[in-house]
Amino acid sequence: MANEVDLVIKGGKIVTPDGVFAGSIAIENGKIVAIAEDKNCPPGKKTVNATGKYVMPGVVDPECHLGHARLLEEDLKSETRAAIATGVTTWGMQLSSTVVRKTITKFEKPEDVPPWLKVFPILTELGDKHSMVDYYLTGKIMNDTHAFEIPALAEQHGVTSFKTQLHLRSGTAVWDTWVGGRQQGIFGYDDGTVYAAMRNVARLGPPAIYSLHCENWEIARIIQQDLIREGRKDTGAWDDRSPAFCEAGHVRAYSYYAKITGCPLYIQHVTSPETVKEILKAKEEGVRIFGQTGSHYLSLPKETWKINVPLRSKETNEKMWEALRDGLIDSVGSDHVNYGKSRDEMEVKGDVWKTQSGFPSRVEALLPIMLSEGVNKGRITLQRLVEVCCTNPARIFGLHPQKGVLAPGSDADLVLVDLEKKCRVSNDMVYCGAGWTIYEGWEIKGWPVMTILRGQVVMEWPDAERRPKIVGEPIGRYIPRKLAST
1 MANEVDLVIK
11 GGKIVTPDGV
21 FAGSIAIENG
31 KIVAIAEDKN
41 CPPGKKTVNA
51 TGKYVMPGVV
61 DPECHLGHAR
71 LLEEDLKSET
81 RAAIATGVTT
91 WGMQLSSTVV
101 RKTITKFEKP
111 EDVPPWLKVF
121 PILTELGDKH
131 SMVDYYLTGK
141 IMNDTHAFEI
151 PALAEQHGVT
161 SFKTQLHLRS
171 GTAVWDTWVG
181 GRQQGIFGYD
191 DGTVYAAMRN
201 VARLGPPAIY
211 SLHCENWEIA
221 RIIQQDLIRE
231 GRKDTGAWDD
241 RSPAFCEAGH
251 VRAYSYYAKI
261 TGCPLYIQHV
271 TSPETVKEIL
281 KAKEEGVRIF
291 GQTGSHYLSL
301 PKETWKINVP
311 LRSKETNEKM
321 WEALRDGLID
331 SVGSDHVNYG
341 KSRDEMEVKG
351 DVWKTQSGFP
361 SRVEALLPIM
371 LSEGVNKGRI
381 TLQRLVEVCC
391 TNPARIFGLH
401 PQKGVLAPGS
411 DADLVLVDLE
421 KKCRVSNDMV
431 YCGAGWTIYE
441 GWEIKGWPVM
451 TILRGQVVME
461 WPDAERRPKI
471 VGEPIGRYIP
481 RKLAST
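The sequence shown stops at residue 486 when you use the numbering used here, and every number in between is there.
Rather than coming from a laboratory, the hints here were simulated on the basis of the structure. Ideal Cβ positions, reconstructed from N, Cα and C, are used throughout, including at glycine. Take the hints with a grain of salt, since some may be wrong.
What the hints assert, rightly or not - Straight-line Cα separation of at most 27 Å, BS3-like style, residue types lysine-lysine; simulated pairs:
1. LYS377 with LYS13
2. LYS106 with LYS354
3. LYS31 with LYS13
4. LYS349 with LYS233
5. LYS129 with LYS469
6. LYS77 with LYS102
As the list claims (entries may be wrong) - Taking CB as the label site, the calculated pair distances span:
7. GLY19 with GLY262: 31 to 37 Å
8. LYS109 with LYS46: 43 to 49 Å
9. LEU419 with PRO43: 27 to 33 Å
10. GLU230 with LYS314: 19 to 25 Å
11. GLY188 with ARG466: 41 to 47 Å
12. LYS109 with GLY441: 34 to 40 Å
13. ILE222 with PRO121: 39 to 45 Å
Let the sequences and hints guide you as you build the complete structure.
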């Protein structure tokens with residue numbers, strides 16, 4: 001008899017970007033060691049019966065923002081539980097250096113913003129202690145010092161992805177519109193900062209990449225003044241304030257700088273066909289550029305809530321599904337954030353300008369919305385879901401083949417999915433520290449029912465339970481990435 005392995009996932013339908021097939025997965029020491037027909041799989045010390053379930057790689061969510069309104073340590077405890085509860089096993093933590101701290105700190109002047117090299121050890125200390133998911137850092141570039149630190153961050157800490165929020169270039173001029181600016185020490189920067197970052201990312205070589213939030217708030221500021229004069233206070237006015245050309249225009253401008261510098265770009269929050277067209281134009285001009293949308297941009301119309309980049313119309317939602325299906329968008333991310341406030345504390349009904357932007361619990365909606373609204377409604381295939389939620393993010397961010405794929409040698413990060421499971425969403429289901437979800441009342445068909453991280457079962461959803469059950473300990477760890485040149 002063959003030697004026993006630690007764990008066998010038996011009887012499921014295994015999903016890869018190339019197809020779906022029946023089989024078993026053998027796991028040893030946190031790694032996949034074999035994928036075979038049930039009869040040919042080695043025996044396991046433990047066996048999970050996956051009959052009737054689909055087995056896919058753990059979701060690689062490339063965007064979350066922790067530490068916005070609470071200490072990073074608190075968010076690591078609660079929000080990574082929210083992630084693991086719904087099938088996310090690897091999280092791209094997009095953090096500013098100002099949130100990587102152990103105590104509440106005020107940032108009153110630009111000099112208060114710490115260098116990344118000073119605070120990075122705090123991230124891994126807290127993350128490796130409290131995170132339920134594996135994680136990597138996409139460091140926010142908020143000033144010239146951060147841009148100049150890029151080579152050292154890559155060499156010393158394996159950080160190869162970086163981000164600039166272009167809508168915050170004006171610093172204090174946008175504070176009235178985004179409370180996060182006051183909390184994170186946003187003092188503004190200019191195109192010189194962006195250029196310095198692009199130049200350093202380009203010099204690193206693969207898999208280094210520069211993420212951009214594209215949304216021109218300098219134009220939006222003027223449009224907002226017009227809307228206020230017109231008496232507009234409805235939630236849909238937030239979309240009108242920052243129309244698609246504010247997003248697409250940034251892509252056009254900064255993809256040109258990327259072409260000049262040779263810097264790969266990752267465009268986040270792709271919400272419109274106009275932006276998709278600009279990404280395609282940049283690709284035709286030789287720019288290595290990728291686009292990410294979110295499950296909320298596929299499912300929620302602009303009247304739902306205030307968010308940056310804005311939600312768009314129902315018609316645009318459908319066009320984004322088509323772009324995702326047709327391969328014009330590369331990935332899907334949650335853009336998760338927790339402001340630690342109830343809906344009543346954030347929302348001023350009837351006045352979009354006084355309502356706080358953003359809504360929590362997005363990571364808990366990511367995979368369920370993609371399964372329910374995407375796969376079960378025929379908008380995308382399950383294989384395409386795996387491609388945009390697992391494999392592509394892992395490839396783009398230098399994690400593949402360790403993450404994002406079911407293959408011998410890869411980390412044993414798996415999700416068991418029940419495509420027939422139905423559940424009406426309620427606030428008492430969420431693990432997010434804010435305690436509410438914008439999807440309350442939605443009936444979702446298709447849910448993750450087990451999450452496995454590096455061979456350890458960390459979430460299971462018994463039929464009798466109202467919500468997924470966290471059954472593992474915080475075993476998440478930081479993932480340093482290697483440059484191709486090293």
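Verification of the supplied hints:
no. : hint                           : result
1   : LYS377 with LYS13              : holds (20 Å)
2   : LYS106 with LYS354             : holds (23 Å)
3   : LYS31 with LYS13               : holds (19 Å)
4   : LYS349 with LYS233             : holds (9 Å)
5   : LYS129 with LYS469             : holds (20 Å)
6   : LYS77 with LYS102              : holds (14 Å)
7   : GLY19 with GLY262: 31 to 37 Å  : holds (36 Å)
8   : LYS109 with LYS46: 43 to 49 Å  : violated (56 Å)
9   : LEU419 with PRO43: 27 to 33 Å  : holds (28 Å)
10  : GLU230 with LYS314: 19 to 25 Å : holds (23 Å)
11  : GLY188 with ARG466: 41 to 47 Å : holds (46 Å)
12  : LYS109 with GLY441: 34 to 40 Å : violated (45 Å)
13  : ILE222 with PRO121: 39 to 45 Å : holds (43 Å)
Violation of the numbered hints given earlier is confined to hints 8 and 12; the remaining hints are satisfied by the structure.
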